[in-house]
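Build out the structure end to end from the sequences listed, making use of the hints.
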Amino acid sequence: MKSIRNYCRSGIWALAFLFIAFPLAATSQDKRDIKRADDLVAEGNRIFNQRDFVGAIDKYAEAIMLVPANSNARFWKGAAHYYLNEYDMALPELDMAISQGYSRPLDVYRIRWRIHYGKKDWAAAESDVNNGLTLDPDNLEFLIAKGDLAMVADRYSEALIAYEKAVTRAPNNGALHMNLARLYRQMGDNEKQAEAAQQAIQKGTQDTGEAYLLLAEARKNLRQYDQAIAAYDRALNIDPKNYEIYRSLADLYRVQNLFDDAIRVSRKALTVFEADGEIYTDLSWYYSLAEQHENAVEAAKAAILYAPKQYMAYTNLCRAYNDLNRPEMAVRECNRALERKPNDGETNFYLGYAHTLMNRHNDAAVYYKRAVTGLEQFTRDNKSYADGYYLLGNAYLSDQQTQKAIDAYREALNISPRFARARYNLGVSLASINDKDGALEQYRLLLDLDASRAEKLKAEIDKR
Numbered sequence: 026m027k028s029i030r031n032y033c034r035s036g037i038w039a040l041a042f043l044f045i046a047f048p049l050a051a052t053s054q055d056k057r058d059i060k061r062a063d064d065l066v067a068e069g070n071r072i073f074n075q076r077d078f079v080g081a082i083d084k085y086a087e088a089i090m091l092v093p094a095n096s097n098a099r100f101w102k103g104a105a106h107y108y109l110n111e112y113d114m115a116l117p118e119l120d121m122a123i124s125q126g127y128s129r130p131l132d133v134y135r136i137r138w139r140i141h142y143g144k145k146d147w148a149a150a151e152s153d154v155n156n157g158l159t160l161d162p163d164n165l166e167f168l169i170a171k172g173d174l175a176m177v178a179d180r181y182s183e184a185l186i187a188y189e190k191a192v193t194r195a196p197n198n199g200a201l202h203m204n205l206a207r208l209y210r211q212m213g214d215n216e217k218q219a220e221a222a223q224q225a226i227q228k229g230t231q232d233t234g235e236a237y238l239l240l241a242e243a244r245k246n247l248r249q250y251d252q253a254i255a256a257y258d259r260a261l262n263i264d265p266k267n268y269e270i271y272r273s274l275a276d277l278y279r280v281q282n283l284f285d286d287a288i289r290v291s292r293k294a295l296t297v298f299e300a301d302g303e304i305y306t307d308l309s310w311y312y313s314l315a316e317q318h319e320n321a322v323e324a325a326k327a328a329i330l331y332a333p334k335q336y337m338a339y340t341n342l343c344r345a346y347n348d349l350n351r352p353e354m355a356v357r358e359c360n361r362a363l364e365r366k367p368n369d370g371e372t373n374f375y376l377g378y379a380h381t382l383m384n385r386h387n388d389a390a391v392y393y394k395r396a397v398t399g400l401e402q403f404t405r406d407n408k409s410y411a412d413g414y415y416l417l418g419n420a421y422l423s424d425q426q427t428q429k430a431i432d433a434y435r436e437a438l439n440i441s442p443r444f445a446r447a448r449y450n451l452g453v454s455l456a457s458i459n460d461k462d463g464a465l466e467q468y469r470l471l472l473d474l475d476a477s478r479a480e481k482l483k484a485e486i487d488k489r
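Quick note on the numbering used here: the sequence shown kicks off at 26 and runs consecutively.
Keep in mind that a hint or two might mislead.
Said to hold, decoys possible - Across the chosen pairs, the derived CB separations fall in these ranges: (1) N384 x L472: 26 to 36 Å; (2) D473 x D214: 54 to 64 Å; (3) R61 x K266: 50 to 60 Å; (4) I458 x D264: 43 to 53 Å; (5) I458 x E269: 39 to 49 Å; (6) R357 x D285: 22 to 32 Å; (7) Y268 x D487: 42 to 52 Å; (8) N384 x E216: 44 to 54 Å; (9) E316 x D473: 12 to 22 Å.
What the hints assert, rightly or not - No more than 25 Å apart at the CA atoms, straight line, and that leaves these computed lysine-lysine pairs for DSS-like: (10) K266 x K293; (11) K488 x K429; (12) K461 x K429; (13) K483 x K461.
Simulated from the structure, these hints should not be mistaken for laboratory data.
Every residue gets a Cβ at the ideal spot worked out from N, C-alpha and C, and that includes glycine.
Structure follows, in structure tokens:
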């Protein structure tokens, strides 16, 4: 009996030893695995810093096999996948790092928001950015990111708050000033767009060409035309193959009544864009304005060759034939334009004028009324376009609506004070209602713009 009790007691102690020994063995093994995993992460980080991201991933994967809850390994494996542009493989690792309590969550948000942004998952990107700002409210990267995401969502006021806070932290950051210039463009604030674009240039933005474009556009909208031309010139020197710059610069020269310069820029554009119908269309217009009517015809024909579906080349050809007193040919081309854009106001005006040249006054009157209707709509849709008001004035004058013509010419000149043709027509219209003083004022203003046209106006005034 005693031996049985001794045996049982010994058995109990043996079982107790087993229960104690196994956890100790497991804990010892866990510690070895954790130590080995940490060493693998350290080795992976060394390889990572050598930009061998594939090799680093292998080390982090080994560490995770040993200790799946190693948040360091999860984070760095996700980061390595990110740098390899393997976003779908990076995200799960970064998510696990956060869920496992990674000690530097800000680093996770910094990478993860970019992945979401690249995948256009704006909500997820914004969530990470907001989480980052909760941890570090003045973090420059997250402030810029918040502005970028607000811009994507067209939340311009929110973007402005973020960018302005960021720029107080980094006033010499040219990229930030560029972001502000783009934002102000979307908000329609030309003054601030110009200021931000100028700051971006001064602070060394990498997007210098775009900065000059934004500056030029804002100056143009502010009707600071000389400054706009200078900015477009700088942009063109930086980016001599930029299609937009050539056309915008040429048109600014037109606005300034500098038709030879507009022609020069357009012809230079054609050395880069040899078969471009839009540029030839512009060129035909500038030739007409410069009273080089044969050249206008040839440029319009080239425009039709390269862009036969565009109505404006036919309209310009119609105009050029009118200027050459070839109304039958003008009628043909205007009708072709109207086939492509029915009810166009400008085309109807030239068609009416062609019928006037052929002494078909009843037909002309019909087209002039159509021109008025079309150009009234055009000017409603393009309130800052001087040529639209000039053409509307011509249509009103041809439709015997002299006072409305005067108002339209004044609006054209308000937009473009150097618009010599509009000033001449305004002077003639004022003379026709016996406002000689007003007509003479236009004559004096015209002398500095176009002396030859000014003398023609003086002769018209003297007839009254």
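Earlier hints that do not hold, by number
2
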